[in-house]
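Colleague: Chain by chain, the residues:
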Amino acid sequence: MKLIKQTGLIIFLLGLTFFIGTIFTGSFNLTQPELDTFIKEKGYKSEIIKDELSKAIVTNEALNIFQFSSAVIGAYEASNNHYDALIAKYDSEKNWDAKGKQFQYKIFGKPHSLSFTLAKKAAKGFAADNTGLAWFLTFGLGIIGALMFIVPDVILLGKPGIKNDGIFLSAATNRGWIGWFTFIFLVTFYILLYFYPDYIVNWVYLVEPISLSLSGNPASQWFLYGFLYCTVMTVMAIRMYIKYRHNKYQILRTTSVLFFQIVFAFLIPEILVRFEKPWYDFKNAFPLDYDFFFRWNLDELLASGAFGLFILVWGIILTIVVVPVMVYFFGKRWYCSWVCGCGGLAETLGDPYRQNSSKTLLSWRAERIIIHSVLVFVLVMTGFALYTFFSGADQVIGIKTQTIQDIYGFLIGSIFAGVIGTGFYPIFGNRVWCRFGCPLAAYLGFVQRFKSRFRITTNGGQCISCGNCSTYCEQGIDVRAYAQKGENIVRSSCVGCGVCSAVCPRGVLKLENGPEDGRINPTEILLGNDVDLMDLVNKK
Amino acid sequence: MEHIVIIGNGISGVTAARHIRKNSDNKITIVSAETKYFFSRTALMYVYMGHMKFEHTQPYENWFWEKNRISLKEGLVSNVDTDKKQLNFSNGETLSFDRLIIATGSKPNKFGWPGQDLEGVMGMYHKQDLEKLEKYAPNNKACNRAVIVGGGLIGIELAEMLRSRKIPVTFLVREDSFWNGVLPAQESAMINDHIKEHHIDLRLSTNLKEIKSDENGRVKSIIIEETGEEIPCNVVGLTAGVAPNIDFLKESGIELGRGVKVNRFLETNIPNIYAIGDCAEQHEAIGQRRNIEAVWYTGRMMGETLAQTICGNKTAYKPGHWFNSAKFLDIEYQTYGWVFSEKGMKENEAYFQWKHPNEHKCITISFDKNTKLFLGINTFGIRMRHEIFDKWLTENKSVEHVLEFLSDANFDPEFFKLHEAEIVAKFNQENNTNIQLKKKSWKRIFSH
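Chains Y and C supply the protein sequences, listed in that same order.
Sequential numbering of the first sequence, starting at 1, is according to full-length UniProt numbering.
Sequential numbering of the second sequence, starting at 1, is according to full-length UniProt numbering.
Source of the hints: derived by calculation from the structure; they are not laboratory data.
In this text the structure is predicted, and so the values were computed from the model without any measurement.
Ideal Cβ positions, reconstructed from N, Cα and C, are used throughout, including at glycine.
Errors might be hidden in some of the hints.
Claimed, not checked - What follows is a list of derived Cβ distance ranges for each label pair:
(1) C:416 - Y:6: 31 to 37 Å
(2) Y:154 - C:439: 35 to 41 Å
(3) Y:154 - C:425: 29 to 35 Å
(4) Y:373 - C:144: 54 to 60 Å
(5) C:439 - Y:309: 40 to 46 Å
(6) Y:373 - C:417: 40 to 46 Å
(7) C:414 - Y:213: 35 to 41 Å
The following block holds chain C by itself, in its conformation from the complex:
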């Protein structure tokens, strides 16, 4: 029986622990400095918004861990002694391991802005960030205005959170349209509008120059680089992406890049030490993915995969087709396969786009100009069935096939208005095709 120690109780670490327990009798310890019990990081926003209590973000009841013989240790690891196979904690305690899984996740990026460590400046990643937000922005009396720096998914979530308590928000986005490094222009423009509809003061092509302090070391205002404008505020949210949380490994001899370098088996350069989740960095990118993927789903998958390896079934991490989802205020977004923004578009890539005339619904289908091979789809305000797109991508279906059978893929709740007919009509018109939309068929949906 080996002692497997996991640093980090996020989705990667906990998934690994659960699957190791399913498949083996090893001793398992999860170490975390953030919270004792696992919670869903993605749900932190809902706690502030009052949709949930913190306990609702915990997928397992507190007795779960003892029942499944998973020890939980609270503590901050200051360094890893790879020779002695031992963790040293900041309070002087130690813990020895036979195998170590590093699953420490991310920390918010800070780009050396003056004032970035003032009181009232925070990221939105850890539970402690949430506590800070409750302290500095409990309502619009204590916080007259908040400024958010960074135009990504966490930024817009933080804006939504603050707006739920009627706190005025200024949202500084470096790009000239929200998230347009990822989203096609049509989608990005729609989200811009939607952000403004929620009374968020969206500033595009705008960078932060510095954060100014009051006499008590608290945030007083920020200065915008381009215009020199000063915006008084009580809270600054830094949401310009995240970086692997691996500072404590610097002296350990574990090979590091931006993250912990791992091979396809999620092994580091030191035997019996592994890294998964946001903090793991592939030597070479897998397919069109990035070397480091700070995505919830990939963390989960790495946890599943590594558990197999540790339990004697050596398994490479081979993520399947790319998928992701998010919610931009009231607009749901799903993506399957690859749709690159105009900026990142490949040579052979073409779009088919449809947008609802007055609702916030649109899709972009990306396909190969020459072969008509279906490459990926972005949907906004329309839910799509994961299994179906996964199958179509595996089977290398054409864009025509996707449109013909689009009804099978719809995953909207019953009685919702369907738009497949309009979508197909638009495609036919633009491409001089005569695709007939097939009626939804359960038989096709469930034939694997």
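Extracted from the complex, chain Y is given alone in its bound form:
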């Protein structure tokens, strides 16, 4: 068994090495006709970019992706700099006509996106030409290795039951060197994905055939991410099934997030695209889906007829009706740990790291300030977006809506949700994003705290204050502080993962949707002492 596990680890690391190595393979160059077609498609009017690109990438030289990327970006900058200089010149000459003309030559968009698009056409070599084999050596070995590492736990973990043996003795799960390496890998991955997609174009090739068969479109980095997300969740869900095989709540919950991720977040949107409908994830509620009310999205939805309108109405109903009603009956857990994709990744890939969340009062204070600020930010931004959509103006009180959206997209949508939210799993625990950043979690939390039937019930006086519950709370809630007072736990941040209840050695905690009456039960003296003391408390 141990041998299988070790072999699995080696195979997994081999797959990972191939995966990382793939970036550095292949060569990139275009033929002149290919470039001409591209420029025609894009409608670039700048002669300079054409010349510069021809010089740089129409070549027999085998450029690697980094050389290719810098060549493309060089061309991009040369062209834009040229016209910027002209614009500045005409501006100082007050030659408005000439200045205005120059703008048509400018190239908009992010340079690394342009480089990605071109690289997608230019790639030759291992990943691009042998997709099947390359997929097997990266994804395939990764999956096989991971499963070989995980599945023997059925036997190695012994009898079903909570098995957290050695978590704080392992370098992977105790912020040791493996944890830090994982952290660096994940952070780098997200930075590449969000900001340097051209560098990972070879990875995108790995899933090209899958994308073609699903939506009929070539894969983008987002398709790669979606596929990787589903793969990672599936493999790690198997780990969850084995670890919590005695616990039906955990098994059902894991199955549920897996289902919503694969079907709702991955398959349905891709199939919609195949039918020329807008890409849409039906479970992604605003304000987590922060760009739902952005102009481009509204325009796209309105342009796609009845179906677009249906999505628009569903999106609004989901947010203002379904979410609060469901939270009233079941707490925010119905979303955060049964449906949400971010929660799904946190509960599968992130589960080994849940104990690393900070439980200090300081972090609780920080959490409340940060998460509610994000909620306010998203609401203000949406206000701006809707105002500009209906009024046609592009700014409100002198602030460009686009600027606000860009800031949010960069700071919250990319850095917080991706780089920090997932990249920091091994260091800050698995719900970094859900705990500190998710505006939807903040909204659900308000409902859960003030108007819901959900609570974690504590079992009278049975708590021995051991602290397993607090340690394994991914949201950093000091569960023990409530349990040892015999108080129900009613907290905005609780996502109802149920692990506190699972790890409790005394059966003290139970997630319940009961009557609202008596949900909040401050107690001074615990059950166990005789009624005199209880009377005393009640008389106060």
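Using the hints, position chain C against chain Y.
Modeller: Just chain C now, kept in the frame of chain Y:
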């Protein structure tokens, strides 16, 4: 403003301190030689097993004490001068008090076995025991085998701890079945099996004769009394119960029995000196309880009660219905009311028992043969709701009532398989009754 000094920072002492602070402005000092900050003793095992770090066992952050004006003093009290109202520390320091709370807890029992003080022999009670265990049994290379002597709750926890690091364990239990002085035979047998399933070498009806030393004064092996068998080992865990930790009080004039003698108000024979927790001994037992109860929950309750007395609301210690819980490796155990083992069964007591055909789940309900009064329940692998059983015991419900409304009492997580129907069916069959299981009702659960 009085100066209240508490010796011992376990659950009893700290609970008393917290409640005194809640209800008064007295000066409070907690003295401990074990650790500076309060930690949960019950969680020590999880630190060794790697489920937690030591800091996770501390329910309060370190700033808590200063913020709540509770002074913490580290030091070993060598004796108490009751006339001068002063504590003398082993390093010569002194500390005076107006009122003193003795909450020094327990120490592991040692029955005079030869070799019981060798290096590598330890109890599993203090933080220092944990440190010793890390030293002598960090892994199965440094420790080829461990022997545990004593078949109680701490013994099985220590076995679980050592097994978590794959250290072979021999477990010597004096009784002919694990903990069968407390558990009914059905439960005890199930735990025996479960212990063996975890590859623990369980030796029943086996006593320790002596512990043998190597040339460096370290444990080398143990000898079994019955067979004379020698078992080589590097660590010996002595877990044959605990005794009050009160040696330092011998010359103090405070009345001692096995523990510190206290009345119902937890007062000793000396005014303004009190004892709570494991080290307190009632003059007369309360109900069916023992005079000394080394139980976490009773320590907490005594702390709550004494805080009331000290803050001017003189309150007797009146523990309510007995309850307890534990975990035997993977099997959770809860008990409410009184279920005595076959050995300790009362004249009028009868059992109703149910056991799952292939999982480690079972219950024993104890009731009065004649009146059918419900006396208590043991559950294994099924969680039960404390409030409900507390209410049923107070209201003197019958065993039939308990079975009829058993669904209200279930506290298992959602979607878990429920067994109430099978349990009730078995009861009906055995007792020729026709009890219909009622559906769970929130209304009943929350009607107090």
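Colleague: Lying within 40 to 46 Å: is that true of the beta-carbon distance residue 373 of chain Y to residue 417 of chain C?
Modeller: holds, 45 Å
Colleague: Do the Cβ positions of residue 414 of chain C and residue 213 of chain Y conform to the proposed distance bound of 35 to 41 Å?
Modeller: With a Cβ separation near 39 Å, residue 414 of chain C and residue 213 of chain Y satisfy 35 to 41 Å, so the hint holds.
Colleague: Hint says 29 to 35 Å; check whether the CB-CB distance for residue 154 of chain Y and residue 425 of chain C agrees.
Modeller: Holds: the Cβ-Cβ distance is about 33 Å, inside 29 to 35 Å.
Colleague: For the pair residue 439 of chain C and residue 309 of chain Y, does the Cβ-Cβ distance stay inside 40 to 46 Å?
Modeller: holds, 45 Å
Colleague: That 54 to 60 Å hint for residue 373 of chain Y and residue 144 of chain C (C-beta), does it hold up?
Modeller: holds, 57 Å
Colleague: Does 31 to 37 Å hold as the CB distance between residue 416 of chain C and residue 6 of chain Y, or does it fail?
Modeller: For residue 416 of chain C and residue 6 of chain Y the Cβ distance comes to about 35 Å; the hint holds.
Colleague: If I claimed the Cβ atoms of residue 154 of chain Y and residue 439 of chain C lie 35 to 41 Å apart, would that claim hold in this structure?
Modeller: holds, 36 Å
Figure legend: structure checked against the earlier numbered hints; every hint is met.
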